[in-house]
Amino acid sequence: MTRIAIRRLVTLVPLVWLVVTVTFLVVQLAPGSYADTLDHPRLTPEARQNLRASYGLDRPLGEQYLRWLAAAATGDLGSSYLFKEPVAKVIGRALPPTLLLAGTALLLDLGLGVLLALAAARRPYGWVDRLTTVLGLGIYGLPSFWIAGLLILVFALGLGWLPASHMHSVGAGELSATGRLIDLLRHLLLPALSLGLVGAAATARLLRATLLEARASRFVLAATARGLSPRRILWVHSLRPALLPVITAFGLALPMVVSGSVVVESVFSWPGMGMALWRAAEARDIPLVMGLTLVGAAAVILGSLIADLLYAVADPRAREER
Amino acid sequence: MVIGGLGDVLSWNPYLAEDQTTVEILSLVYPSLAVEQVDYQDHPPSFAPSLATGWEPSADGLELTFFLDPRARWSDGVPVTAEDVAFTFRTQRDPDVAWLGSDAKDAILEVAVVDAHTVRFRFDRAYPYQLMDANEGPIIPAHAWGGIPYPQWRDVDWGERVVSAGPFRKASHRPQQELVLERNDGYWHQGRPYLDRVVWRPMPSRTPLLAQLLTGDIDLVNGLDPADIERVAGGPRLRLVSFPDRGYSQIRWNLRRPHFSDPRVRRALAMAIDRQAIIDVVYLGRARPSVGPVISTMWAFNRSLQAVAFDPAGARRLLAEAGWADSDGDGNLDRDGVELAFELLTNSENDLRQDICLLVEQNLAKVGIVARPRFVEWGTMLALETGGDFDAIVSGWIEPTLIDLGPLWHSSPPGEPTLNSVGYANPEVDRLLEAAAAVATFAEQKPLFDRIQALIVDDQPYTFLAETERLVGINARVRGAVINDASPYFNLDEWYVAREADVR
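Chains A and B, in that order, are what the protein sequence lines are. Oh and the first sequence: position 309 is 309 in this note's numbering, straight run, nothing missing. Oh and the second sequence: position 234 is 234 in this note's numbering, straight run, nothing missing.
Heads up, a few of these hints could be off.
On the chain A side, residues computed to face chain B include the following (Cβ under 8 Å) [what the hints assert, rightly or not]: (1) 21; (2) 23; (3) 38; (4) 51; (5) 85; (6) 165; (7) 178; (8) 271; (9) 304.
What the hints contain is simulated information worked out from the structure, not anything from laboratory work. All C-beta atoms, glycine included, are put in the ideal place defined by N, C-alpha and C.
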């Protein structure tokens, strides 16, 4: 297991390098630069050109790339053009909201997904199963921004129960600690549902299938023969092997916890990594795009590593193989 | 009082700011010598005293002396003095600061401290916009910021160093989430501002803005779409404010393209486009026909000019005169085997402009011209435009109150940065522009401006479409607000919020 971890960590560096290099090229391919996107009322063409020079945007591509790479190698991600502060600081500010939102969404995803799958797998092709299948497929087919719009329409605009944007209410700073927590949870619910529901539907579909597969296996037959209760067979004997593909899917979803969801965060004005990436891409803020991609790429690779390790924990066979 | 908008304060140093929202909000925190008034209809804008209680030009017209209000204090108690004004000028001109508006100070040779509350600007020549140029940019605190060497300015966390002398001061700021300004108790204007706190909630898109205005979560949205009017006007607690905002939309024809180099073709294009339909359908009536390069509400507008009338039959005649005919019978005009077809570009973020493109496409199809709308993202469109890599663009300008037609219409030599993206070149216009820049008074400028406008309207390098209105939605509980195109926060220090019982 340690060897797997070490091997994967060694491949991390070239992979991240590859991703940021491709990102750099793609960002550069988009026409226009930061200096072109500004709307300052007194921006003359000369001033725009001076600005381009002051950010080094008039330098050859290769030079810009090498400069960025050399600085990044020493841990310096540069300064954001847009926010006028170090990229590391912008990321430091955006990471906690994203961890909170995507973490909550993942919990919803897993919790709801496992519960629905267990309910469905108890009686395959019964009415619970059919209902969750129809609902699950329906939700799985919807893009999360559409779900976000629907949730806002119903719960924020229609019923007025929950806020439609931002992380806090106006004046939340003056509330008590409990008040602030409740305020935060109220703001968290809709975006977390927008992200989590689709995942939960997918998890439920996947897990239901593997549960049914396990049900048909010989160890379940053996357990039944030994007279174990159906509940025990489902929860203990079938669930563990059935969870293996879910763990893989979970590992692939982990990067979202770090890089955030660009669309959902932007719809809800959630100040995380995804919204920062949106703003950065719009403004052609190259250092910020690069910094966010670097963190995102590292998260993808670490996520799949964690999934592999979890897999080894859940499946003894993966551990013993040499 | 909660204001919703698309932008946020991106730097607390006004001279490092690169966006409109930052400039507007910081004008509440840092003082100005004078305040430009919105009276440009019949004469150039006048100015009201602010930090300066008055000013006096010298007899030769080369100097302007300002007298500062001795009561003015920074929020840390230090008086605002002439030294602050001189420091501000040094900052504005410093190459390391590289302020985007520094060209406004090109004609100013020196800002001299006469005494603590008197400061003298010296100009290299007499010209009409001296006061406007001297006043451009807010005054910043020399005592707090003067010790930081300019080369280090871009690395400073200015949010930590805000010292205010405006009606408001910074209370808290969570970037992209919430900005709170609070009443500056030391503001020298007795009793002002009335509001204790003003909160800005930046939003990433327009949709939540309207939604939260309707739910009462935000009190003011500056810049609604015409399509939102009905919902805002229908809200019992909402008020709609609208005014001409110096904006005008147009189609910019790339004159380097052979199709558009013939002025007859450009006139025909203008005649084939139903401007009134655009105003009725796209702007829902909230616009007026645009005539030429100076908007019709501006003192400098040539009132003898008329918008090109909608006349498809006349357009067809003009096109035939220019050699365009449907020789292959496919319904589209051609000449020497080439169709009169082009790409009509606009930015995908702007629904109104996209609708205009579609209407224009229909209008032109009726006279046998093929316009192919193409929608690209804003940065891409600007890059294509500045590179000259386009046929035609639907876009818009905001006309500055400082009338300078040079950047848009002078034929600068190739390679030089210019806003004349269409490649317009008329030697007579060039000559008149240079003459207008050289005269000392507005009275001398006006006839030159009139002539320039007449020539440009004749040449039709743009099809001038519509002069737009700014639409502001505001909660009825907000009182005393004068909102105009100088600034959405023009008199924010006089706004107040009515008690619940009084809002009916």
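These are the hints, each one checked on the structure:
Checking residue 21 of chain A against chain B: minimum C-beta separation of about 22 Å lies over 8 Å; hint violated. With a least beta-carbon distance of about 17 Å to chain B, the hint placing residue 23 of chain A at the interface is violated under the 8 Å criterion. Because the beta carbon of residue 38 of chain A sits about 5 Å from the nearest beta carbon in chain B, less than 8 Å, this interface hint is met. Hint status for residue 51 of chain A relative to chain B: holds, with the closest Cβ pair at about 7 Å, below 8 Å.
Checking residue 85 of chain A against chain B by beta carbon gives a least distance of about 7 Å; that is within 8 Å, so the hint holds. A distance limit of 8 Å between C-beta atoms decides the matter here; for residue 165 of chain A the minimum to chain B is near 5 Å, and the interface restraint holds. Taking 8 Å as the C-beta contact cut-off toward chain B, the hint placing residue 178 of chain A at the interface is violated, the least distance being around 21 Å. At about 5 Å, the closest approach between the beta carbon of residue 271 of chain A and any beta carbon in chain B falls short of 8 Å, and the interface hint on this residue holds.
The criterion of a C-beta within 8 Å of any C-beta in chain B is not met by residue 304 of chain A, whose closest approach is roughly 30 Å, and the hint is violated.
Hint violations for this structure: numbers 1, 2, 7 and 9, all remaining hints satisfied.
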